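Engineer: Now for the letters of each chain:
There are 2 protein chains.
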Amino acid sequence: MTMPHESLYERHRPVFERAQQACETRECWSPYPEMPDKYPDAPQAKAAGLQAFEAHRASGRYALDLPGVTGWVGEEVSPYTQQPLGIVYPQCDVDTLFAAAEKSMAGWAEAAIETRMGVLMQVLDTLYREHLFEIVHAVMHTAGQSYNMAYAGSGVNALDRGIEALVYAEQALRSVTPHARWQRRFGSAEIALEKTYRLVPRGVAVCFSCASFPTWNAWPSMMASLATGNPVIVKPHPATVLPMAITVRAFRHALQAAGFDPNLVTMALDTVADPIGKVLVKHPKTAIVDFTGSVRFGQWVEQNAHPAVCYTETAGCNTVVLESAPDLDAALRSLATTLCMFSAQMCTSPQNIYVPREGVDTPQGRVPFEEVARRLADAVQALTTEPKKAAMILAAIQSPQTLALLQQLQEDGARCGQVLLAPAAYPHPEFPQARTRTPLMLQVTTADRALYAQERFGPVSFVIACQDADDALAQATQDARTEGGLTAFLYSTREDYIARAEAAYARAGAQLTINLTGPMPLNFAAAYSDYHVTGLNPAGNATLTNLAFVAGRFGVVQSRRPITAGACS
Amino acid sequence: MTMPHESLYERHRPVFERAQQACETRECWSPYPEMPDKYPDAPQAKAAGLQAFEAHRASGRYALDLPGVTGWVGEEVSPYTQQPLGIVYPQCDVDTLFAAAEKSMAGWAEAAIETRMGVLMQVLDTLYREHLFEIVHAVMHTAGQSYNMAYAGSGVNALDRGIEALVYAEQALRSVTPHARWQRRFGSAEIALEKTYRLVPRGVAVCFSCASFPTWNAWPSMMASLATGNPVIVKPHPATVLPMAITVRAFRHALQAAGFDPNLVTMALDTVADPIGKVLVKHPKTAIVDFTGSVRFGQWVEQNAHPAVCYTETAGCNTVVLESAPDLDAALRSLATTLCMFSAQMCTSPQNIYVPREGVDTPQGRVPFEEVARRLADAVQALTTEPKKAAMILAAIQSPQTLALLQQLQEDGARCGQVLLAPAAYPHPEFPQARTRTPLMLQVTTADRALYAQERFGPVSFVIACQDADDALAQATQDARTEGGLTAFLYSTREDYIARAEAAYARAGAQLTINLTGPMPLNFAAAYSDYHVTGLNPAGNATLTNLAFVAGRFGVVQSRRPITAGACS
Numbered sequence: 001m002t003m004p005h006e007s008l009y010e011r012h013r014p015v016f017e018r019a020q021q022a023c024e025t026r027e028c029w030s031p032y033p034e035m036p037d038k039y040p041d042a043p044q045a046k047a048a049g050l051q052a053f054e055a056h057r058a059s060g061r062y063a064l065d066l067p068g069v070t071g072w073v074g075e076e077v078s079p080y081t082q083q084p085l086g087i088v089y090p091q092c093d094v095d096t097l098f099a100a101a102e103k104s105m106a107g108w109a110e111a112a113i114e115t116r117m118g119v120l121m122q123v124l125d126t127l128y129r130e131h132l133f134e135i136v137h138a139v140m141h142t143a144g145q146s147y148n149m150a151y152a153g154s155g156v157n158a159l160d161r162g163i164e165a166l167v168y169a170e171q172a173l174r175s176v177t178p179h180a181r182w183q184r185r186f187g188s189a190e191i192a193l194e195k196t197y198r199l200v201p202r203g204v205a206v207c208f209s210c211a212s213f214p215t216w217n218a219w220p221s222m223m224a225s226l227a228t229g230n231p232v233i234v235k236p237h238p239a240t241v242l243p244m245a246i247t248v249r250a251f252r253h254a255l256q257a258a259g260f261d262p263n264l265v266t267m268a269l270d271t272v273a274d275p276i277g278k279v280l281v282k283h284p285k286t287a288i289v290d291f292t293g294s295v296r297f298g299q300w301v302e303q304n305a306h307p308a309v310c311y312t313e314t315a316g317c318n319t320v321v322l323e324s325a326p327d328l329d330a331a332l333r334s335l336a337t338t339l340c341m342f343s344a345q346m347c348t349s350p351q352n353i354y355v356p357r358e359g360v361d362t363p364q365g366r367v368p369f370e371e372v373a374r375r376l377a378d379a380v381q382a383l384t385t386e387p388k389k390a391a392m393i394l395a396a397i398q399s400p401q402t403l404a405l406l407q408q409l410q411e412d413g414a415r416c417g418q419v420l421l422a423p424a425a426y427p428h429p430e431f432p433q434a435r436t437r438t439p440l441m442l443q444v445t446t447a448d449r450a451l452y453a454q455e456r457f458g459p460v461s462f463v464i465a466c467q468d469a470d471d472a473l474a475q476a477t478q479d480a481r482t483e484g485g486l487t488a489f490l491y492s493t494r495e496d497y498i499a500r501a502e503a504a505y506a507r508a509g510a511q512l513t514i515n516l517t518g519p520m521p522l523n524f525a526a527a528y529s530d531y532h533v534t535g536l537n538p539a540g541n542a543t544l545t546n547l548a549f550v551a552g553r554f555g556v557v558q559s560r561r562p563i564t565a566g567a568c569s
Numbered sequence: 001m002t003m004p005h006e007s008l009y010e011r012h013r014p015v016f017e018r019a020q021q022a023c024e025t026r027e028c029w030s031p032y033p034e035m036p037d038k039y040p041d042a043p044q045a046k047a048a049g050l051q052a053f054e055a056h057r058a059s060g061r062y063a064l065d066l067p068g069v070t071g072w073v074g075e076e077v078s079p080y081t082q083q084p085l086g087i088v089y090p091q092c093d094v095d096t097l098f099a100a101a102e103k104s105m106a107g108w109a110e111a112a113i114e115t116r117m118g119v120l121m122q123v124l125d126t127l128y129r130e131h132l133f134e135i136v137h138a139v140m141h142t143a144g145q146s147y148n149m150a151y152a153g154s155g156v157n158a159l160d161r162g163i164e165a166l167v168y169a170e171q172a173l174r175s176v177t178p179h180a181r182w183q184r185r186f187g188s189a190e191i192a193l194e195k196t197y198r199l200v201p202r203g204v205a206v207c208f209s210c211a212s213f214p215t216w217n218a219w220p221s222m223m224a225s226l227a228t229g230n231p232v233i234v235k236p237h238p239a240t241v242l243p244m245a246i247t248v249r250a251f252r253h254a255l256q257a258a259g260f261d262p263n264l265v266t267m268a269l270d271t272v273a274d275p276i277g278k279v280l281v282k283h284p285k286t287a288i289v290d291f292t293g294s295v296r297f298g299q300w301v302e303q304n305a306h307p308a309v310c311y312t313e314t315a316g317c318n319t320v321v322l323e324s325a326p327d328l329d330a331a332l333r334s335l336a337t338t339l340c341m342f343s344a345q346m347c348t349s350p351q352n353i354y355v356p357r358e359g360v361d362t363p364q365g366r367v368p369f370e371e372v373a374r375r376l377a378d379a380v381q382a383l384t385t386e387p388k389k390a391a392m393i394l395a396a397i398q399s400p401q402t403l404a405l406l407q408q409l410q411e412d413g414a415r416c417g418q419v420l421l422a423p424a425a426y427p428h429p430e431f432p433q434a435r436t437r438t439p440l441m442l443q444v445t446t447a448d449r450a451l452y453a454q455e456r457f458g459p460v461s462f463v464i465a466c467q468d469a470d471d472a473l474a475q476a477t478q479d480a481r482t483e484g485g486l487t488a489f490l491y492s493t494r495e496d497y498i499a500r501a502e503a504a505y506a507r508a509g510a511q512l513t514i515n516l517t518g519p520m521p522l523n524f525a526a527a528y529s530d531y532h533v534t535g536l537n538p539a540g541n542a543t544l545t546n547l548a549f550v551a552g553r554f555g556v557v558q559s560r561r562p563i564t565a566g567a568c569s
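Keeping their order, the protein sequence lines are chains A and B.
Each step along the first sequence adds one to the number in my numbering, with nothing skipped, and position 486 is 486.
Each step along the second sequence adds one to the number in my numbering, with nothing skipped, and position 555 is 555.
Because the hints were derived from the structure by calculation, they are not lab data.
Keep in mind that this is a model prediction, so the values were computed, not measured.
Take these hints with a grain of salt, some might be off.
[Unchecked claim] In silico contact screen, one side only, chain A against chain B (beta carbon under 7 Å); selected entries:
id, residue
1, Arg26
2, Thr177
3, Ala180
4, Arg198
5, Ala390
6, Met392
7, Ile393
8, Gln511
9, Thr513
10, Gln558
[Said to hold, decoys possible] For the chain B half of the interface with chain A, some residues (derived, Cβ under 7 Å), not all of them:
id, residue
11, Trp29
12, Pro33
13, Phe186
14, Glu190
15, Arg198
16, Gln303
17, Ser529
18, Tyr531
19, Gly535
20, Leu536
21, Gly555
22, Val556
23, Arg560
24, Ile563
Glycine included, each C-beta is placed from N, C-alpha and C at the ideal position.
The whole structure should be built from the sequences, with the hints applied where relevant.
Structural biologist: Spelled out as structure tokens, the structure:
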């Protein structure tokens, strides 16, 4: 069995070593083409992917040879057709899943680091070569992402994040020498010990994936757990199962092909009516929890995961500070794009836009607050009026609950502030039944803090009048600190102000983008380069990837014994 | 201010780099002499240390210029004299301590890694050069350790653990590049960003030190937090304050001398009657908790520390499996020594000794269970009958509660098993009033599991008759898995059995020592070589030191901004 594993590692070694280098320099790199059209033999691959997706729908039953199947469930509804996907998946007895996962560990935990790395690189490669466009359609018709975002954000970028997790896992594992010879005098005797250090996986990992962006968080989490020897039970959001079912099947096939127990990766499914999240977190065999999802359940997970270790991404109350700009229109265009991108259903989407009530300084003079708000709303509207353009950028709304939230917030906002933009369905050119909404934008003051000082998931933003630039920064960083913020965006021409903002956001633990304009989406997070959640505010601690994200997933257990007399020097 | 810091780092660089090498190879190394007599100018240093200790007692007030002092408390009683030490220490308003700690962070967090490393190496060096024998007496007269153990285990070994923590902290910090240049095409535009990655400390760390072994855990914990930029509030056990007060003063002096805020290290004191542990753990500013202490409070800490990260060492239900031995007497002598060492008041002391009821195989034939138990008890007794020898190995009993526990267990043991050795005070040759007890040894069966399946802190051990060798291993590893075990000890001549034991203890997460005899104490844990708690069972997760012990103490926060047009290539 050794040969094929070694050859798997050797096959992927050039990419892995290039990825190690990228993680060190944090420069721009990816082994994958960023755009679907640049995928090898794109037309054929795209057609095959669509066909695979359609075959799942036609079959109606997603076959997964999981242990302990007790029934079949599936309640996915496509945001693009608002019709059920019509696919059911095996639902398994939870205790059977844990027992099978635990049983699967032994051979995997004892395999050489290279062996595990080779198999896992092979999984990522298989997902890329055989399932990428199948996953694109699966993500579109569950999460509601656009084709291009599903390809990039849920496809190749997620694969990159997976490789990145392997790089850091390998770094943490390699920091422990496997053997040592230790020799010292005690009194008149010389004691020589040989020591063996075993890297022991913590145990069964439960990986919760979310409804709107399943793979981008789950793949690196799964890689981090598996690379360090742990089995993974995937718990997809019941609204977005298919991308993870494809994932689980690909992992199981690759593991089995390499001679390992496929139950290293299984899936625990529930329904909205009958959730099993708490059962999984509190299961006595749960040793690791990766969670991406709602603030409410995420906080419960963080407080209740012990004795399991826990890596989370929950709230994203992300902020913008608009103080001054050399080209205000360029800044507003970039902000507008980011507010529209996937209808702001990203953990990195900005929500609270703080502007001094005196206005924003520009080379053309100070632009009053109301005009800034108006022009930003106009920029958003300009992106959403033409349906084809709107479809590409807004895509669809994942959950019907988001529509209810928008309506509620529009009413609340009209009462205490001003509605800059009211949300409306736009006609999707390809899917006339798509669940769509243009963004809701509200103009408020800091007196309305109750309205915006929490994550309002979906296409809603607040333009907030502040006392002055210092107040804007204080308010914005307070949001990150107290409500949890992943990203932050700043426009300023004053270097002293920028320096203060960098320091303040560093303390608040939010990743800051400064004065970025042009075609790069403001909240684009590049694998191997941009760190994710910082662990420094309530948004969670899944940094994707640093040493802290991997080092707690295994322990070091040693054994030591005397070296026989003859071997002593 | 840059010069002196750089020169501090340069001064300690040779030792630091040698320590890095030792952590990589895990070979035997220390910059310090292991025995007090080998300390430079030992007679003078020993006298000065005693004098310093006596001066604290004579003064009665331990001066520490802490913020928010509200009163003076101190209730230490020397285990050697059973008289109060008569020293009071400043007690501070908790909120004032946290505010001062938080305020102290800024300059320290922004200092270069070399600067922090240099200052912290200087602290360790100062503790070694100026306070070592003062700490020896402070540890003796609070924890009850012997002179030699206080020198080694609470002195130089603890310093080594501190350096080791710095090595791993540096490794984790260095794994993040401070700057990157990132460039990519988006459509027709080339975007070039400069990225800055800040290593941001999590915030205020609370470090609980325990009554019996304060410095060995606290120093590396403090180093791990401080090296990664966090201030530390030390919370000593009220019975053992002086060693930590000396520590806190040394840190504060060194920090201040290097131009930093001394409030980076402060002390929060309580009394047995009015504990503040929970207040500290649940304080809104607490970001890190290091805890060494009782199982009961430790479990509360683990369950309630969130959102703080938490590193613990709690239970140590440590086990021995005695299956076969080429030299049974040598094995029993080593076990006896370890059962006596500091009256088994060490987290690594064995407690549960599993022996097949059929007996133990030796070259001279099978030795019946009862004879093994008897000979082990005789070996313990042989170490404890001569007062001078007993004093060196047993030292004193830290807490009066331990005496009550011994009495209770002796009664319980007599009821369900057999008392192999009854505890008795022995006359300490130097301190006639010393609180001393020879070990309690009970012979029981696995039916008496309720009696021994938990940590019984103090000089008590159980020789447990098992069905056979397999049962012995199963019972022993179950203790570690379910009750928490740090160490384990195995005697066997069968390589297949040894291999199974290594695998079983690895899964149970206990550090295993195999077939060790001779003058090295079985539970001696060498810095730079032996890992401590594994995180794989309820004994805690303070591995002292690996990457997991340091990597969660800081976050990575980035800022990124476009490189101005001229700089783009």
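Engineer: Next step is simple, just say for each hint if it's right about the structure.
Structural biologist: Hints versus structure:
With a least beta-carbon distance of about 4 Å to chain B, the hint placing arginine 26/A at the interface is held under the 7 Å criterion. At a threshold of 7 Å, the smallest CB-CB gap from threonine 177/A to chain B is about 5 Å, leaving the interface hint in force. With 7 Å as the threshold, the beta carbon of alanine 180/A comes within range of chain B, its nearest partner Cβ sitting at about 4 Å, so the hint holds. Checking arginine 198/A against chain B: minimum C-beta separation of about 5 Å stays under 7 Å; hint holds.
Because the beta carbon of alanine 390/A sits about 19 Å from the nearest beta carbon in chain B, more than 7 Å, this interface hint is broken. For methionine 392/A, the suggested interface contact is broken, since its CB lies about 13 Å from the closest CB of chain B, more than 7 Å. Interface hint at isoleucine 393/A: violated, since its Cβ lies 14 Å from the closest Cβ of chain B, which is beyond the 7 Å cut-off. Look at glutamine 511/A: its Cβ gets to within about 5 Å of chain B, closer than 7 Å, so that hint holds up.
With a least beta-carbon distance of about 6 Å to chain B, the hint placing threonine 513/A at the interface is held under the 7 Å criterion. The interface hint given for glutamine 558/A is met, as the beta carbon of that residue sits about 5 Å from the closest beta carbon of chain B, less than 7 Å. About 9 Å separates the beta-carbon of tryptophan 29/B from the nearest beta-carbon of chain A, more than 7 Å, and the hint is not met. Because the closest C-beta pair between proline 33/B and chain A is about 12 Å apart, greater than 7 Å, the hint is violated.
Interface hint status for phenylalanine 186/B: upheld, as the beta-carbon distance to the closest one in chain A is roughly 4 Å, under 7 Å. The interface hint given for glutamate 190/B is violated, since its Cβ lies 9 Å from the closest Cβ of chain A, which is over the 7 Å cut-off. With its C-beta approaching chain A no nearer than about 5 Å, arginine 198/B sits inside the 7 Å limit, and its interface hint holds. With a least beta-carbon distance of about 5 Å to chain A, the hint placing glutamine 303/B at the interface is held under the 7 Å criterion.
With a least beta-carbon distance of about 5 Å to chain A, the hint placing serine 529/B at the interface is held under the 7 Å criterion. A least Cβ separation of about 5 Å between tyrosine 531/B and chain A falls short of the 7 Å threshold, and the interface hint therefore holds. The closest approach between the C-beta of glycine 535/B and any C-beta of chain A is roughly 5 Å, which is under the 7 Å cut-off, so the hint is satisfied. The beta carbon of leucine 536/B comes within 4 Å of a beta carbon in chain A, closer than 7 Å, and the hint placing it at the interface holds.
With its C-beta approaching chain A no nearer than about 4 Å, glycine 555/B sits inside the 7 Å limit, and its interface hint holds. For the restraint placing valine 556/B at the interface with chain A, the shortest Cβ-Cβ distance is roughly 5 Å, inside the 7 Å limit, so the hint holds. At its closest, the beta carbon of arginine 560/B sits 6 Å from a beta carbon of chain A; the interface hint therefore holds under the 7 Å criterion. Hint status for isoleucine 563/B: violated, given a least beta-carbon distance of 11 Å to chain A, over 7 Å.
The structure fails hints 5, 6, 7, 11, 12, 14, 24 (numbered hints given earlier, in ascending order).
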